[in-house]
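Visitor: Given next are the chains, with one letter for each unit.
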Amino acid sequence: MSTSGPSGAVVLSLRGVSKAFGAVQALRDVSVDCHAGEIHALVGENGSGKSTLLGIASGSVAPDEGAVEIGGSRLRRASPAEARRLGLGIAYQDYSHVLDLTVAENLFLAAAGARPPYSRMAGWAEETLAPFELGIPVGATARSLSLAERQLLEVVKTLLTHPKVLLLDEPTTALGPDAVEKFHSLVLQQARAGVAVVYVSHRLPEVLSVADRVTVLRDGVGQGTFPADSVSEENLVALMIGRPLEVAFPERRPEDAPAEIVLSVEGLHGERFGPIDLSVRKGEIVGIAGAEGNGQIQFLRALAGVERAAGRASCDGRSLDMSSPLGPLRQGVVLLSGDRRGEALFPVLSVRANATVQVLRRLARLGVVGRRRERRSIDGLVKALRVRMGSVEQPIASLSGGNQQKVSLMRPFLRGDVKVILAEEPTQGVDVGARFDIYEALRGKAAEGVAAVVKSSDPIELAGLCDRVLVMSRGRFVEEIPAHELGERRIVEAIVGSRGTVAIAEGRPA
Amino acid sequence: MKYSRLPLALMTVLILALGAYAEAHHSAFLGKLNLNSLLIQAMPLVLVSLGQACALLVGGFDVSVAALMTMCVVTASFTLTPTTSGVALVPGSLALVGVGLATGVFNAFLIRVLRLPSIVATLGTLSILEGASLLLRSFPEGPVNTDVTSALISGVSFVPYAFVGVVLLAVVADVWLYRTRTGLALRAVGLDATSSRRLGMATGRTILLAFVLCSVMASIAGFYLAAEVQIGSPIIGNQALESIAAAVLGGASLAGGKGSFFGTLLAALFLTEISNVLPLFQQPTEYADMTIGALVLLALVLYQSPELVARIRAARRRPPAVPAEAPAG
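Which chain is which? The protein sequence lines are F and X, in order. Taking the numbering used here, I'd label the letters of the first sequence as residues 1 to 510. Taking the numbering used here, I'd label the letters of the second sequence as residues 1 to 329.
Treat the hints with care, as some may be off.
[As the list claims (entries may be wrong)] If you want a taste of the chain X side facing chain F, the calculated C-beta under 7 Å gives, among others:
(1) Arg5
(2) Arg137
(3) Thr180
(4) Ala188
(5) Leu191
(6) Asp192
(7) Leu199
(8) Gly200
[Stated by the list, open to error] Which chain X residues stay away from chain F? Per the calculated CB distances, all over 10 Å, these:
(9) Ser196
(10) Gln230
(11) Asn238
[What the hints assert, rightly or not] Pulled from the structure, derived: some chain X residues nowhere near chain F, Cβ distances all over 10 Å:
(12) Ser27
(13) Leu38
(14) Gly92
(15) Phe106
(16) Ser154
(17) Ala173
(18) Met201
(19) Ile274
(20) Pro279
Simulated from the structure, these hints should not be mistaken for laboratory data. Quick reminder that beta carbons are idealized off the backbone N, C-alpha and C, glycines included.
Turn these sequences into a full structure, and let the hints steer you where they fit.
Guide: Now the structure itself:
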């Protein structure tokens, strides 16, 4: 730990905390101390365990091992109410607003002991909000607020109970540069008043500008705590990545290989992203990088017609109807959802049924699907993709994550007419061996002229798999990394260094 | 969130309109005798619907209430017999409430501890109670103490005391729900349990309490059902669906967090009025079921119309306009 530690008393202490979710070890023996009056940044890549650590500190996740102390008292059970009572306030990344209630009601619910009689709620809420100068009407429902307003309201709510410890989980994802600055002065003011602030963020320049100390997490393991003025962004990035993970990747296409454009996007914009222009050539694999929550998923899903957006896109010269998932599907634009269980697969159905569900018409004769015809169509793919399983009649839920993903990849392979594959986290929860099979399958499809857009939170994967990588921040592409520059470090630097040049629309939805 | 008066207004208008129509064609309707029997007839449904509104407020359903009410009638035929008298009536009555309390705790256990969806959990309870009732009384037998039943329906002029009681109860409950901190907390839990938990509210306890309250109200409704049938009958009514219908007509949202106890009371009264009026016109009671079904659908559409309109607008609306270029930061 830091040698020149701050002077305030330790008000939040995590001792030897470990937590596993199923087979994934999210945190391993992590210890962090946070002193009164300090701003303590917590940084790490996507999936490095930051959110789990905050969940444990705030009582919403029960640790497998280790202890949490808040203000000198031990948190005896995982209970947000208990953590609040001990003096902890947390601003959740996905907020804690009851959207159908008004701003005043939300503030009132959050104020715990500090609230006035119910009848004085409206006036009290006005007075409470006034010093923050947010210009939010207290009578409006939380649902009517913009994302930026919701984010700021979330922070205001945590301050109502006058916490000793303030946890901020990615509190600036929806804020423009001006709002970030204003927000930081608020955080500094809290720290000066003696509050211990834990600030989780992907944006290194942002956190380094306010933090006193920085703790780095990598793959659930603490990499040390450092005084913020003693570490450079580069040091931190090296600590955040630095894992010696060897994954082989199939060979890319030559960088200047000519090919016609198959997917073209013009001025596409939706609730959390845009406007975006993009052209993808046949046979090209384009990666999308960025810190979570910067609109990558929304962009991909909008292209697939799953989320609403405005703007234009065309596939193979024909304009793409994105008003429902049916339009893109008919034109050969296929989304591989990252939510395999919820959206991509039918867990209790067999491998066979899951693979052929989109092409049953072709396999049917007089409306009856021939079981043998169906099996024959997937036999070759099972071998080519090296799907490991007992039989094709096995329910897909009994397969490992990697093999499940391979089966969902079989769908675009079975359809002969696929032109664009939109893949969201194609190897999430997939073991290293199976990853290569998936990369090879995607590259193989690309060699046939199919284009792919891959959204991934794994920079190694993007660097190895893609022909170029676009970095997204606050809903826009802020950087394009060509093939010859691709590398894990280059991508991570682009993500953490990217200060969005534009703010997401901050106006209230009409 | 504001207290919606639309359901109250609609229910009042419907009650008065149906009453006026009935009176115009059949002068017996507004007679004291009929009004008195209408109010008494309404008691079981009013009570069970108020309980159902609690379950709906926390975002659940309780379909076991009808079976529980029947179970209470069967229990009454054992514990409140014509020969039971004096002090023995107290434990006899407590037995009914005890059945309600036990059922409520059992339902809450299934829902909170075993994490079953409330509709499935209470469906299981329904079957268990149904079987138990048939085991205890395989056919209607065992008269219920008439001292008790006549005390339940006693009143002044044509209004039973108990009806005055439930009206007061519903009004007080609504004031609590929309004018106090704990009422707001209950609605918050129904609207968004995750956020409520994050804000330190005891969501588990709230849901538990709602289901226990629902069952206890159903067991009290069981007293009035016993007063109506007067014998230990194991035949189940359809108060489960009617009580959900009443709560919805009274303004409850199926997604939880919204509702009105007074609205529920008016709706239960109206539903009873329908089945009271139809015989006056020699109409088969099947029409009552169909009317109620149609009304529930209508109410669901009408009450949610602000949301529906907003959703249709949102679907038509283009996403937010292209953000203006901000200065580089």
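Visitor: If any of the earlier hints don't hold here, list their numbers in rising order.
Guide: 1, 2, 9 and 18
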